[in-house]
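Asker: Sequence:
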Amino acid sequence: MDEFDLKILKILQTDAKYSLDEIARELKIPKSTVAYRIKKMEREGIIKGYYAHIDPASLNLDYIIISSVKAKYGKNYHVELGNKLAQIPGVWGVYFVLGENDFIVMARYKNREEFMEKFLEKVMSIPEVERTSTQVVVKIIKESPNIVIF
Numbered sequence: 001m002d003e004f005d006l007k008i009l010k011i012l013q014t015d016a017k018y019s020l021d022e023i024a025r026e027l028k029i030p031k032s033t034v035a036y037r038i039k040k041m042e043r044e045g046i047i048k049g050y051y052a053h054i055d056p057a058s059l060n061l062d063y064i065i066i067s068s069v070k071a072k073y074g075k076n077y078h079v080e081l082g083n084k085l086a087q088i089p090g091v092w093g094v095y096f097v098l099g100e101n102d103f104i105v106m107a108r109y110k111n112r113e114e115f116m117e118k119f120l121e122k123v124m125s126i127p128e129v130e131r132t133s134t135q136v137v138v139k140i141i142k143e144s145p146n147i148v149i150f
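Numbering (the UniProt record's numbering), first residue to last: 1 to 150.
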């Protein structure tokens, strides 16, 4: 990857609907070069897809939780439990971490009742879970789906 690939990625992260013409004009390179580079990055798995950035609050999904999960150790526990946590409705991030806890889980719900029904009850019924500690986000200071590209 060179500086043009990184610039293309920055543009597409800003707005995936940019046309090849607009990108070529902005970078001052041929449209065919832009098309080739994008296709190559898609083939290599650098670009995994194109998505609409939806405002969760507009769908009334502004009850955000961050849950630390301590697991019971066993063979492949991190894969098995990680997959179970990822299947819970509302969960959008599951991270296997090192330290006192084993997983960080991030999820969005409409309210406390929905969180308790769809998340808490499900997590408490998973045998591999030893303990959880959950925080509720009060205010979002910064949130971005973009990868920082230098």
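Please note that the accuracy of each hint is not assured.
Heads up, simulated EDC-like pairs for lysine to aspartate or glutamate below, C-alpha to C-alpha not over 16 Å straight-line [claimed, not checked]:
hint	residue 1	residue 2
1	Lys-118	Glu-100
2	Lys-39	Glu-80
3	Lys-118	Glu-143
4	Lys-142	Asp-21
5	Lys-70	Asp-55
6	Lys-40	Asp-5
7	Lys-84	Asp-62
8	Lys-122	Glu-80
9	Lys-75	Glu-42
10	Lys-31	Asp-5
11	Lys-10	Glu-42
12	Lys-31	Asp-21
13	Lys-110	Glu-80
Restraint-style ranges between C-beta atoms, simulated for each label pair [said to hold, decoys possible]:
hint	residue 1	residue 2	range
14	Ile-141	Lys-70	21 to 29 Å
15	Gly-99	Asp-62	44 to 52 Å
16	Ile-54	Val-136	17 to 25 Å
17	Met-1	His-53	35 to 43 Å
18	Asp-5	Ser-144	19 to 27 Å
19	Ile-141	Tyr-95	48 to 56 Å
20	Arg-131	Ala-57	13 to 21 Å
21	Leu-12	Arg-131	24 to 32 Å
22	Lys-31	Ala-52	19 to 27 Å
23	Glu-80	Glu-26	14 to 22 Å
24	Ile-29	Glu-80	45 to 53 Å
25	Pro-56	Ile-126	51 to 59 Å
26	Glu-80	Asn-60	40 to 48 Å
27	Ala-52	Glu-130	35 to 43 Å
Hints listed in this document are in silico derivations from the structure and should not be mistaken for laboratory results.
Nothing here was measured: the structure is a model prediction, and the numbers come from that model.
Note that the Cβ used here is the ideal one computed from N, Cα and C, for glycine as well.
Asker: Now, for every hint given, state plainly whether the structure supports it.
Answerer: Each hint, compared with the structure:
The hinted pair formed by Lys-118 and Glu-100 fails the criterion: a straight-line CA distance of about 25 Å is larger than 16 Å. Between Lys-39 and Glu-80, the direct Cα distance comes to roughly 34 Å. Violation of the 16 Å bound is thereby established for this hinted pair. A distance of roughly 23 Å separates the Cα atoms of Lys-118 and Glu-143; the hinted pair therefore is violated under the 16 Å criterion. In summary, the hint linking Lys-142 to Asp-21 is not supported, as the alpha carbons are separated by about 32 Å, beyond the 16 Å threshold.
For a cut-off of 16 Å, the pair hint linking Lys-70 to Asp-55 is broken: about 31 Å separates their Cα positions. Proposed proximity of Lys-40 and Asp-5 is supported: the alpha carbons are some 10 Å apart, at most 16 Å. Under the criterion of a C-alpha separation no larger than 16 Å, the hint pairing Lys-84 with Asp-62 is inconsistent with the structure, at around 23 Å. As the CA atoms of Lys-122 and Glu-80 are separated by approximately 15 Å, the hinted pair is consistent with the 16 Å bound.
About 35 Å separates the Cα atoms of Lys-75 and Glu-42, which puts this hinted pair outside 16 Å; it is violated. At most 16 Å may separate the alpha-carbon atoms for a hinted pair to count; Lys-31 and Asp-5 meet this at roughly 13 Å. The suggested pairing of Lys-10 with Glu-42 holds, with an alpha-carbon distance near 15 Å, which does not exceed 16 Å. Among the hinted pairs, Lys-31 with Asp-21 is consistent with the structure: their alpha-carbon atoms are about 6 Å apart, no more than 16 Å.
Among the hinted pairs, Lys-110 with Glu-80 is inconsistent with the structure: their alpha-carbon atoms are about 28 Å apart, more than 16 Å. With their beta carbons about 27 Å apart, Ile-141 and Lys-70 fall inside the hinted range of 21 to 29 Å. Checked against the hint of 44 to 52 Å, the pair Gly-99 and Asp-62 fails, with Cβ atoms roughly 29 Å apart. The given range of 17 to 25 Å is respected by Ile-54 and Val-136, whose C-beta atoms sit roughly 21 Å from each other.
Look at Met-1 against His-53: about 24 Å separates their beta carbons, and that is not inside 35 to 43 Å. Remark: the range hint 19 to 27 Å for Asp-5 to Ser-144 is upheld by a beta-carbon distance near 21 Å. Checked against the hint of 48 to 56 Å, the pair Ile-141 and Tyr-95 fails, with Cβ atoms roughly 20 Å apart. Between Arg-131 and Ala-57 the CB atoms are about 31 Å apart, so this pair departs from the stated range of 13 to 21 Å.
In this structure the supplied range 24 to 32 Å is violated for Leu-12 paired with Arg-131, their Cβ-Cβ distance being about 41 Å. Judged by the Cβ atoms, the range 19 to 27 Å given for Lys-31 and Ala-52 holds: they are separated by roughly 25 Å. With their beta carbons about 46 Å apart, Glu-80 and Glu-26 fall outside the hinted range of 14 to 22 Å. At roughly 47 Å, the beta carbons of Ile-29 and Glu-80 sit within the given window of 45 to 53 Å.
As the Cβ distance of Pro-56 to Ile-126 is approximately 25 Å, the hint placing it in 51 to 59 Å is violated. Checked against the hint of 40 to 48 Å, the C-beta distance between Glu-80 and Asn-60 comes to roughly 33 Å, which is inconsistent with it. Between Ala-52 and Glu-130 the beta carbons are some 38 Å apart, a value that agrees with the proposed interval 35 to 43 Å.
Hint compliance for this structure: hints 1, 2, 3, 4, 5, 7, 9, 13, 15, 17, 19, 20, 21, 23, 25, 26 are broken, all remaining hints hold.
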